[in-house]
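Assemble the complex: chain X is given as a structure, and chain U must be docked to it using the hints.
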Amino acid sequence: MNYVELIGVFAKTGASAFGGWSTTALLLEKELVENRKLLEPHDIKGATTYAQILPGATQVSIVANVGYRLHGFVGACMATATYLLPSIGLITLFAIAYFHFADNTSNLMVHMDGLVAVLAGVILANAYKIGSKHTTKAWLWMLIVLAFVLKLWLGVNALLIIVMFGLSGLILSWTSARRILK
Amino acid sequence: MIADLLQLFAISIFISLATYGGGSQALFYQFGVQQTHWIDKTDLSAILAFGYATPGPAVFGTATFIGYALGGIPGAIVGTVGIFIVPFMMSIFAAKYFTHLLKNQHAALFVQGVGLSAAGLVAATAFGVIDVGAIAWWQIVVALGSLAASIKWSLNPLFVLLAGGIIGLVL
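Going line by line, the protein sequences match chains X and U.
Take 1 as the starting number for the first sequence in my numbering and just add one per residue.
Take 1 as the starting number for the second sequence in my numbering and just add one per residue.
By construction, these hints were calculated from the structure, which means they are not laboratory data.
All figures in this text were calculated on a predicted structure; none of them were measured in a lab.
Worth double-checking, as some hints may not be accurate.
The calculated lysine to aspartate or glutamate pairs, modelled on EDC-like cross-linking and capped at a C-alpha distance of 20 Å, are [what the hints assert, rightly or not]: (1) X/30 <-> X/5; (2) U/96 <-> X/40; (3) U/96 <-> X/43.
Here chain U stands alone, though its shape is the one from the complex:
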């Protein structure tokens, strides 16, 4: 268990460093589901759904969730500290020393490149959580409806998810 928690700590730090403005879902899917099998697709869907309905940076709470799965409350603490500690320290460091970084074009283009890849990777995660091979016609309609509602009317994911859960239970 200790080895798993150390690996989770390292992976959480990796994920936090590789995420610029979104994309952590894709990395949790790759590391937590595909590579380590710490959780499965159903578990990831459950925590992402719950995360979207929770305030704060709850998608990052997937590290807490995986940590709990591996080692109870101590594991949850390891996952949480791992995912937040480095960005937290960098933020303080930047506030204190790097006022010029805001206008740096090299940093801006690096972030733009990472952001473009994050968008593609997050889209790939959507196809990871849903079982594309066994998808029903009504699920495609619901997914497209949820996509449109989220983009066009910027509906809070909480309400969109609640509506989808009810539709699923009725159908």
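In isolation and in its complexed conformation, chain X is listed as follows:
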């Protein structure tokens, strides 16, 4: 695969990857494994698994990893830049329009109570999906509620909550008590 093809594949993926990281993984598998036969299915699976244990945008971790497998460091840079271009380009255009017409946009948002209500529902659904992925036992939902209460009612710093929960998991992993999570 030459660089022009690489740019084409990742720009196309970046422009059509609606609905989270799984869409990105599926699109790359179809394009690079099924259509072009440049990678094996386990390459995409490995990139996806890594992406989930690394911090940050899962999609970007997948794309950087796959780009690296195709063309080393340069491939990773080009793949990531071209993958991000459609979404970041759109957001920049949105930011320009939003802040340029700030007064009008604020007025419009006043009439957008419905949109804000839907957004709250979509964010809650997102929370449920993240929770479902990590709750290996039903009682772990109580820890999610604990994080919710700590942030919303007690105003604890979000970063502190994240570090506390992550370290608790890490400490448990060194003890026999880790079985309560499985």
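Here is chain U on its own, set in the frame of chain X:
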């Protein structure tokens, strides 16, 4: 402005490092709205709504949006680079050197702990974007409908948001 952009760069890196499989909305809310007041709740709602309707990792584009608010196009670039650079480098590093990390139980339980907290924090963000004190009965119905549609039928947020926008305009 330079000081703000440097702070945004540092905060974006922090957010990217503290996000495992979701939860960045909560951190953008805390740092961008509550602590620095770079944007307000309305701005965050607007960019999150637009982000959900955009392909790719658009929620992370909130860093781009805040960067633009602070310093135009150069600011947008600072926010974007800050939010993506470290995970990008870690991903390459992991692909090259850490093949054993995939089966590491310590890493897995650390990620599980962070993931559980992220779920709670994201839920708290939902109550942050909506003005709970002044919420109308129909907004509660719409929010619950959107929650059910997103979970039960896995509808694309784009369609759910469009439907909500139209309902809001009609009511």
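Taken at face value, is the distance from the CA of residue 5 of chain X to the CA of residue 30 of chain X at most 20 Å?
-> 15 Å, holds
Satisfaction of hint between residue 43 of chain X and residue 96 of chain U, Cα-Cα up to 20 Å | 13 Å, holds
Taken at face value, is the distance from the CA of residue 40 of chain X to the CA of residue 96 of chain U at most 20 Å?
-> 17 Å, holds
Going down the numbered hints, you'll see the structure goes against none, and every one checks out.
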